[in-house]
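> Each chain, written out:
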Amino acid sequence: MLAIFNSIPTYMDYKGQKLAEQIFQGIILISAVIGFIYGLVIEQFGWTVYIVLAGFAVSCVLTLPPWPMYRKSPLSWQPVVPESSGETNQKPQESLKKKRHK
Amino acid sequence: MNTVLSRANSLFAFSLSVMAALTFGCFITTAFKDRRVPVDIHVSRVMLKNVDDFTGPRERSDLGFVTFDLSADLQPIFDWNVKQLFLYLSAEYATKSNSLNQVVLWDKIVLRGENTKLNLKEMKSKYFFFDDGNGLRANKNITLSLSWNVVPNAGILPLVAGVGHVSLPFPDSYETTKSY
Chain E
14 MLAIFNSIPT
24 YMDYKGQKLA
34 EQIFQGIILI
44 SAVIGFIYGL
54 VIEQFGWTVY
64 IVLAGFAVSC
74 VLTLPPWPMY
84 RKSPLSWQPV
94 VPESSGETNQ
104 KPQESLKKKR
114 HK
Chain H
290 MNTVLSRANS
300 LFAFSLSVMA
310 ALTFGCFITT
320 AFKDRRVPVD
330 IHVSRVMLKN
340 VDDFTGPRER
350 SDLGFVTFDL
360 SADLQPIFDW
370 NVKQLFLYLS
380 AEYATKSNSL
390 NQVVLWDKIV
400 LRGENTKLNL
410 KEMKSKYFFF
420 DDGNGLRANK
430 NITLSLSWNV
440 VPNAGILPLV
450 AGVGHVSLPF
460 PDSYETTKSY
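These protein sequences, in sequence, are chains E and H. Per the numbering used here: the first sequence = residues 14 to 115. Per the numbering used here: the second sequence = residues 290 to 469.
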């Protein structure tokens, strides 16, 4: 079961994370302002709470799942280095490690 | 913000902070409001007895019975930061032994959404009006006033005295009938 859950990709790229944060902050702040004014006008603080909760629900739907718009700019990783050249690459890495330890 | 859980966490924390700020705003918008309203108290009957005070000094103490009419419009008190009002009618008077006596005679809870226009006739006091001695007899200045606690959604719990009170003299002699 856990393996199935772990296999679902949930990450966003860096720009997507920033966008998601801006979206949920904007939605909750706007709903807070609307709820505050509405509650003040009709003299019911409960409605303020309900409107903020509605904003919370909407921003949950919009930002919790990794929608495609949050994954438009994935990091461009270096292509996988083929196995055969692995030995030649390992030697300079070992020498680097030794330098750091000194 | 990388995983669903971390996003849910920051979303929830942000919503809670916003909610706390809104609650504070609700408090601030009503914190400096004047919650006094005029109250009309009319005492229709006063009776005075001298009975054994079974609660205290084991001596005969003065026991007053007050029948009163009460009318007030509490609508201006209610706003979005008021859950309920706790009204209480108290008597204040001075005796030789105490310069200030305060006795609560009656109380009432008015919830939000209930009828806010009080118009009560011939009300009897809920609680015994005992003096701790014989200070009620021939006391010329006993003041009845209505006060209330405002129970808010958020913020302080103010204690407000209603505008308007009634001062009345108590009789010079005790009633001797057995029925009370």
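If you are wondering where the hints come from, they were derived from the structure by calculation, not from laboratory data. Here the structure is a predicted model, which means the values were calculated and not measured. There's no promise every hint is true.
[What the hints assert, rightly or not] Here are the simulated lysine to any residue pairs, SDA-like style, with alpha carbons at most 20 angstroms apart:
#, chain 1, residue 1, chain 2, residue 2
1, H, Lys-322, E, Pro-87
2, H, Lys-415, H, Ile-366
3, E, Lys-31, H, Phe-303
4, E, Lys-85, H, Val-293
5, E, Lys-85, H, Met-290
6, H, Lys-429, H, Asn-339
7, E, Lys-28, H, Lys-415
8, H, Lys-397, H, Val-452
> It remains to establish, for every hint, whether it holds in the given structure.
Hint-by-hint comparison with the structure:
1. H:Lys-322 with E:Pro-87: violated (55 angstroms)
2. H:Lys-415 with H:Ile-366: violated (24 angstroms)
3. E:Lys-31 with H:Phe-303: Judged against 20 angstroms, a Cα distance of about 15 angstroms means the pair holds.
4. E:Lys-85 with H:Val-293: holds (18 angstroms)
5. E:Lys-85 with H:Met-290: With a Cα-Cα distance of about 16 angstroms, the restraint between Lys-85 of chain E and Met-290 of chain H holds, given a limit of 20 angstroms.
6. H:Lys-429 with H:Asn-339: Roughly 17 angstroms between the alpha carbons, so the hint for Lys-429 of chain H and Asn-339 of chain H holds.
7. E:Lys-28 with H:Lys-415: violated (68 angstroms)
8. H:Lys-397 with H:Val-452: Roughly 18 angstroms separates the two Cα atoms, so the pair holds.
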